[in-house]
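Novice: So you can see what is in the structure, the chains are spelled out below.
There are 2 protein chains.
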Amino acid sequence: MKFIIQREQLISSVQNVMKAVSSRPVIPILTGIKIEAKEHGITLTGSDSDVSIESYIPREEDGNVNVEQIEEGNIVLQAKYFPDIVRKLPEKTVEIESDPNLKVTIRSGKAEFILNGQDADEYPQLPTIQTDDSFEIPIDLLKGMIKQTVFAVSTMETRPILTGVNLNLSNNVLKFVATDSHRLASREVPISNTNLEFKNIVVPGKSLNELNKILVDSEETVEISVTNNQILFRTKYLNFLSRLLDGNYPETARLIPEQYKTQIQVKTKELLSTIDRASLLAKEERNNVVRLTTQESQLIEISSNSPEIGNVTEEIMAQLMEGEELKISFSSKYMIDALKAIEYDEVSIAFTGAMRPFVIRPVNDDSILQLILPVRTY
Amino acid sequence: MKFIIQREQLISSVQNVMKAVSSRPVIPILTGIKIEAKEHGITLTGSDSDVSIESYIPREEDGNVNVEQIEEGNIVLQAKYFPDIVRKLPEKTVEIESDPNLKVTIRSGKAEFILNGQDADEYPQLPTIQTDDSFEIPIDLLKGMIKQTVFAVSTMETRPILTGVNLNLSNNVLKFVATDSHRLASREVPISNTNLEFKNIVVPGKSLNELNKILVDSEETVEISVTNNQILFRTKYLNFLSRLLDGNYPETARLIPEQYKTQIQVKTKELLSTIDRASLLAKEERNNVVRLTTQESQLIEISSNSPEIGNVTEEIMAQLMEGEELKISFSSKYMIDALKAIEYDEVSIAFTGAMRPFVIRPVNDDSILQLILPVRTY
Numbered sequence: 001m002k003f004i005i006q007r008e009q010l011i012s013s014v015q016n017v018m019k020a021v022s023s024r025p026v027i028p029i030l031t032g033i034k035i036e037a038k039e040h041g042i043t044l045t046g047s048d049s050d051v052s053i054e055s056y057i058p059r060e061e062d063g064n065v066n067v068e069q070i071e072e073g074n075i076v077l078q079a080k081y082f083p084d085i086v087r088k089l090p091e092k093t094v095e096i097e098s099d100p101n102l103k104v105t106i107r108s109g110k111a112e113f114i115l116n117g118q119d120a121d122e123y124p125q126l127p128t129i130q131t132d133d134s135f136e137i138p139i140d141l142l143k144g145m146i147k148q149t150v151f152a153v154s155t156m157e158t159r160p161i162l163t164g165v166n167l168n169l170s171n172n173v174l175k176f177v178a179t180d181s182h183r184l185a186s187r188e189v190p191i192s193n194t195n196l197e198f199k200n201i202v203v204p205g206k207s208l209n210e211l212n213k214i215l216v217d218s219e220e221t222v223e224i225s226v227t228n229n230q231i232l233f234r235t236k237y238l239n240f241l242s243r244l245l246d247g248n249y250p251e252t253a254r255l256i257p258e259q260y261k262t263q264i265q266v267k268t269k270e271l272l273s274t275i276d277r278a279s280l281l282a283k284e285e286r287n288n289v290v291r292l293t294t295q296e297s298q299l300i301e302i303s304s305n306s307p308e309i310g311n312v313t314e315e316i317m318a319q320l321m322e323g324e325e326l327k328i329s330f331s332s333k334y335m336i337d338a339l340k341a342i343e344y345d346e347v348s349i350a351f352t353g354a355m356r357p358f359v360i361r362p363v364n365d366d367s368i369l370q371l372i373l374p375v376r377t378y
Numbered sequence: 001m002k003f004i005i006q007r008e009q010l011i012s013s014v015q016n017v018m019k020a021v022s023s024r025p026v027i028p029i030l031t032g033i034k035i036e037a038k039e040h041g042i043t044l045t046g047s048d049s050d051v052s053i054e055s056y057i058p059r060e061e062d063g064n065v066n067v068e069q070i071e072e073g074n075i076v077l078q079a080k081y082f083p084d085i086v087r088k089l090p091e092k093t094v095e096i097e098s099d100p101n102l103k104v105t106i107r108s109g110k111a112e113f114i115l116n117g118q119d120a121d122e123y124p125q126l127p128t129i130q131t132d133d134s135f136e137i138p139i140d141l142l143k144g145m146i147k148q149t150v151f152a153v154s155t156m157e158t159r160p161i162l163t164g165v166n167l168n169l170s171n172n173v174l175k176f177v178a179t180d181s182h183r184l185a186s187r188e189v190p191i192s193n194t195n196l197e198f199k200n201i202v203v204p205g206k207s208l209n210e211l212n213k214i215l216v217d218s219e220e221t222v223e224i225s226v227t228n229n230q231i232l233f234r235t236k237y238l239n240f241l242s243r244l245l246d247g248n249y250p251e252t253a254r255l256i257p258e259q260y261k262t263q264i265q266v267k268t269k270e271l272l273s274t275i276d277r278a279s280l281l282a283k284e285e286r287n288n289v290v291r292l293t294t295q296e297s298q299l300i301e302i303s304s305n306s307p308e309i310g311n312v313t314e315e316i317m318a319q320l321m322e323g324e325e326l327k328i329s330f331s332s333k334y335m336i337d338a339l340k341a342i343e344y345d346e347v348s349i350a351f352t353g354a355m356r357p358f359v360i361r362p363v364n365d366d367s368i369l370q371l372i373l374p375v376r377t378y
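Those protein sequence lines, which keep their order, are chains A and Y.
Residue numbers for the first sequence follow UniProt numbering, beginning at 1 and rising by one.
Residue numbers for the second sequence follow UniProt numbering, beginning at 1 and rising by one.
The following block holds chain A by itself, in its conformation from the complex (with noise of 0.2 Å):
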């Protein structure tokens, strides 16, 4: 194997694949990267066995030329240092270039690396996946989708489903929901161009981070697929493969009140600052509780009391506020993050009562969905 590659692209291409790589995965080789030169171009593997990401740079693009002088092969070497190598290197180019002893040289200026590869063969096949039944979505999209529901999954082992994001295609509508059984956080987009349809697909939180992290924000779609035990995210030059969670994720439509009591509307920045004050005082100790509380006037009191440091009371205007009065105790995390994923200027808070969950909407727009539970105070 032997080609002459642009650094930038090889950099970035790394970079991708690496975000699979973990230091301790459960087979040997895949603590290293996949190269495989082709004469159309180079693909990069890395895998963790539960998520693997295959990053393609073709030999030329748009008329310029990424990869020259090309010998056909494949190699594995040590994700731990060639990232490293690969960024540091002096020059624009880098030749790399593999012997039948399986010692690669890599080359850029005077800067000569000889490392040990492994064989590429005894690197585990990724499984192919039917790309017939798949969908669309543009890739800012499903950034938004991601961000606005993994924060809510569970981080405890104890339920392993519920560390997974819920994904439903039914009727032309694609569904998220997260919830980790004390928050939940869902979003609903049409998909047009297609009559496939799913449901029961837990894709792991953790996937869906390091998706987010690599995807760019651009106007491109990427192409979804779905097996049993897979599910596939395509874009034009990267496949991102993630195993799916084994079991039934729980019925959460159910969770959702369909009465209110009190409803109120405010400003979104305006409340998450004052929450976010709030907060301060509650540090670790009382899992960052504050109080809302409605008054006259369309005003609303968010409070928080820390016997041994002190308390904090600030009062904000609701644009809109009608039903019972209201006195409320929530965890100001969960709260935080449902209204930093809601990415809209006035929100809508409905409440059915102190002990029972309460909903946040975007003021205008029913496909973002935050519920939380209340804290129960005495």
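The hints are simulated quantities; they were obtained by calculation from the structure and are not laboratory data.
It cannot be assumed that every hint is accurate.
Said to hold, decoys possible - Think about it this way: if two alpha-carbon atoms lie no more than 30 Å apart in a straight line, the pair counts; the simulated DSBU-like pairs of lysine-lysine are: (1) A/Lys88 x Y/Lys340; (2) A/Lys110 x Y/Lys333; (3) A/Lys236 x A/Lys88; (4) A/Lys327 x Y/Lys88; (5) Y/Lys92 x Y/Lys80; (6) Y/Lys88 x A/Lys333; (7) Y/Lys88 x A/Lys269; (8) Y/Lys143 x Y/Lys213; (9) Y/Lys147 x Y/Lys267; (10) A/Lys88 x Y/Lys333; (11) Y/Lys103 x A/Lys333; (12) A/Lys340 x Y/Lys110.
Claimed, not checked - To give an idea of the interface, some chain A residues facing chain Y are shown, with a C-beta separation under 8 Å as derived from the structure: (13) Pro90; (14) Glu112; (15) Ser273; (16) Arg277; (17) Glu308.
Keep in mind that this is a model prediction, so the values were computed, not measured.
The beta carbon of each residue, even a glycine, is placed where N, CA and C say it ideally should be.
Take the given structure of chain A and dock chain Y to it, following the hints.
Specialist: Relative to the frame of chain A, chain Y by itself:
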């Protein structure tokens, strides 16, 4: 105590004094920040008893009003909460008021915090230092001296005196020396307008690192006063007080070889990035050892070899090379630290054989000296 203060001023003062506050100080009240309001302005104090920092905010400065409605008094507030509160308050001004029960009310816009304060009389008195015997040095220059030496202090507590930087002032020359017994860094600067002399003053490296963070690059001067066991750095609105280390600093002058067998001159950045690359394969296992070998035609080879991972070689061209042939191994980390500290384009390195310490200096400046002990390799 009561005053209304510009929030930006308060934030930067709080950040400064926080550099001295420890979360586990010897005396519990030192987890707090002392606030003292006088008719002429506000003084904040933070201390961990090794380092104490006072930051002053004058009532008025250059015609701008920083503090209004001052009622004199003092209080101590928990450093765990106060800085975050100040940083996140909604308005440009903050009102701070304490009552006889040590309750402190902090108001900004509609936000109101009531914190439990502590009696300022219980806060230890800082030692007063006679500032008659003092000298001045531009802030930029002092920061340079710290950066060029402090990285070489020892981090091991086995010889506590080596965790500090040795300061000497004699014949109108101020000299900083630091060594961890494997390498040494020194810097001299001329000081005019003083008859002051001192030697065997050792300031903890940690104190100088904090001082360097607080001092803002400028052409103003800092006034330095020394007593038996304290050193005071004083700028217009800041007092930075550090204890000195007890004990005798070793005699270091005799470590510096007077005669050389091989001398090279190289471009600093070129050598730095070459050593940096050669150290990539070394990582932890072999303490980052790289080898330098002189070759024909003024070439220098930098190489490193880690049997399990691979090897790296790179040649750079010396600007000048004279004396005996040489093959020498040393810690790449020490070399990188030393080269970064020398802020000149070209360095001269003088060797006295493979087993003797070698000396790195800027080509045309004798005031900076870096010394490194080689590593024995077989």
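Novice: Hints numbered earlier in the text: which of these fail when held up against the supplied structure?
Specialist: As far as the earlier hints go, not one is violated by this structure.
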